[in-house]
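Given the coordinates of chain A, work out where chain B should sit on it, guided by the hints.
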Amino acid sequence: MTDTRGPALLIQDLRKSFRSPDGEMTPIVDVPEFALAHGEQIALRGMSGSGKTTLLNMVAGILAPDAGRVVVAGREITALTESGRDRMRAETIGYVFQTFNLLQGFSALENVLLGMTFGKGADRPAATQLLERVGLGARLHHKPRQLSVGQQQRVAVARALANRPQLVLADEPTGNLDPRHAREALALIRDVCRENGAALLLVTHDSEALAQFERVDELAHINRAAA
Amino acid sequence: MTPGLFLIVRRSLRQHGLSTAVTAAAVALASGLVMSVFSINRQTYDAFTGGNAGFDAALGARGSQLQLVLNTVFHLETSPGNIPWRLYQTIKQDPGVELAIPYAVGDNFHGYRIVGTTAEMFTRFQYREGRQFVAQAGGRFFEETAQEAVIGSVVAERLDVSVGDIINPYHGLIFDEDRKHQDEYRVVGILEPTNSPSDRVVWIPIEGLYRMSGHVLRGSGRSFKPVEGEAIPDEHREVSAVMLKLTDPQAGIYLDQLINRQGNQATLAWPIGRVMADLFDKIGWVNRILEMVAYLVVVVAAGSILASLYNTMNERRREFAILRSLGARKGTVFSAIVLEATAITAIGTGLGFLVYSAILGAAYVVVRAQTGVVLDPFRLDPVLWMTPAGMLVVGALAGLVPAFKAYRTDVASNLVPSS
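As you go down the protein sequences, you meet chains A and B in turn.
The first sequence begins at 10 in the working numbering and counts up one residue at a time.
The second sequence begins at 30 in the working numbering and counts up one residue at a time.
Here chain A stands alone, though its shape is the one from the complex (with noise of 0.2 angstroms):
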């Protein structure tokens, strides 16, 4: 069956460019084209400096491009005013930090329901529910410097996915953990983006994070001014 709702994800003619402490322009980001199906999860490999967090950011509306049109569930996220592009943020995409970016005075609960906030709306059940799933039941009102690292990395999860966002960008999300915890972090995203049928775009350089990817491309394929 074919899917007419288009692509999650669009991405065209993005470019984005840096000015370097001698005053030249530096090219990040040169995508010509990229895209991503509702539901598919792909990894992109990509080695530090090669503009990955630059080229999320963009996907993610944080960050305006200087050309080029990103078009997120239908929406060109590129054409949006700064608060039109911070609601569709809220509301359909999800983004897990290599960092987490946790907000340390609030407890992992208050975390996720942050995220809803500024979303669909806080709903407590389902924020609970939803650290229940990544297991973290016992951990609600526990604030991040009382967590792990794991357990932090999925209380990220959980905020990233509390929407039920469209598309999920990941951006290193096990750089920071061991082996086994990377493991575990890596499939409760992939667990959760499929439950929830949200596309998964994920950036990291770590193989064996890229191993467990059925579609793995290279972002210098992707990205020229990568290449």
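I should point out that these hints are in silico values taken from the structure, not numbers from a laboratory.
Just to be clear, a hint being listed does not mean it is correct.
As the list claims (entries may be wrong) - Under the rule of at most 30 angstroms between Cα atoms (straight-line distance), these lysine-lysine pairs were calculated in the DSS-like manner: (1) B:K254 - B:K209; (2) B:K359 - A:K129; (3) B:K434 - A:K152; (4) B:K359 - B:K434; (5) B:K359 - A:K152.
Chain B alone, transformed into the frame defined by chain A:
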């Protein structure tokens, strides 16, 4: 406003507990000070210029109206001198005078003023509309021909005087134990508190004051020493003042014209509220300075809110970036800081009522002890809602600068690490 906003503010207040507490304390001091200054100012003004005196006018020796009022109504200051008894009799007959009560002063009881007067003070005088002096249970008012005293409630409380006690007056208005009169007065009544300067007075019959050992009357212009068992001729009698209740304001205008402008024997202080208002106008600059100091403390408190929030902005940049990455709008982050500033102000203003109560409590004790005037800490003065409302606005305004800084936080550069 989202629930997330309140969660962010609540957490931040807790995370920065010390600076929140210090800033709230500064706000409490500022709001408490502003409320106290304005409330005490207004209450003392009302007490000294309002109708609490119970009299409309005071007739006394030629001189300052203010001194006359302070001496007779508030029982402060020295007497400007005496006037002959016949002036009392004349003005008492005036059709514009509803009530005339003579006062004779010159003695004290352990610093509290002794006022010689007539029984009308208790039978006709109303210290407030419809309120007359009432003797506490077991007491009564004095007989005009007896050596009896009626004590104000503050005097009784402070000096531990009871009905049946014998007291000796002391000569002069300032207590000097070497100037004790040998005359003895039996305390026959203690007045119920009136919350007026009368609570600080010892009342005795005017005849008793005339006949006090060592007193000489000069009502006729010549010295006259009363003889025991013989009536004192009216020509020798004199009074320190005559307290007047007038039938209407027209009578005041007439008597003012007659006594102050055409006459040269006496002074009529009328209306008493206006005389005191003049005093407040003259010393109004003191209140202006106090108000300026209070406003200055408000400015310092506002600066303290601004500084305490602004100083946390750098450490919170990542927090704002994370919130933004979760989809928080710029306006949400801005609102969170303004709300936080307002919340600190609200906490401080709440505590400000404790500061206000403490200052009013101290002022209550001091003002009552010095003047007999009673301040009411629970009086619902408009300043008690205007100050908190104004402080909340000031607090929110102080939050604008840090809020703008938070608003401008760049998301991508504050989400680490990047590659």
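Status of the hints after comparison with the structure:
{"no.": "1", "hint": "B:K254 - B:K209", "verdict": "holds (19 angstroms)"}
{"no.": "2", "hint": "B:K359 - A:K129", "verdict": "holds (18 angstroms)"}
{"no.": "3", "hint": "B:K434 - A:K152", "verdict": "holds (27 angstroms)"}
{"no.": "4", "hint": "B:K359 - B:K434", "verdict": "holds (11 angstroms)"}
{"no.": "5", "hint": "B:K359 - A:K152", "verdict": "holds (25 angstroms)"}
Consistency note: the structure conflicts with none of the earlier hints.
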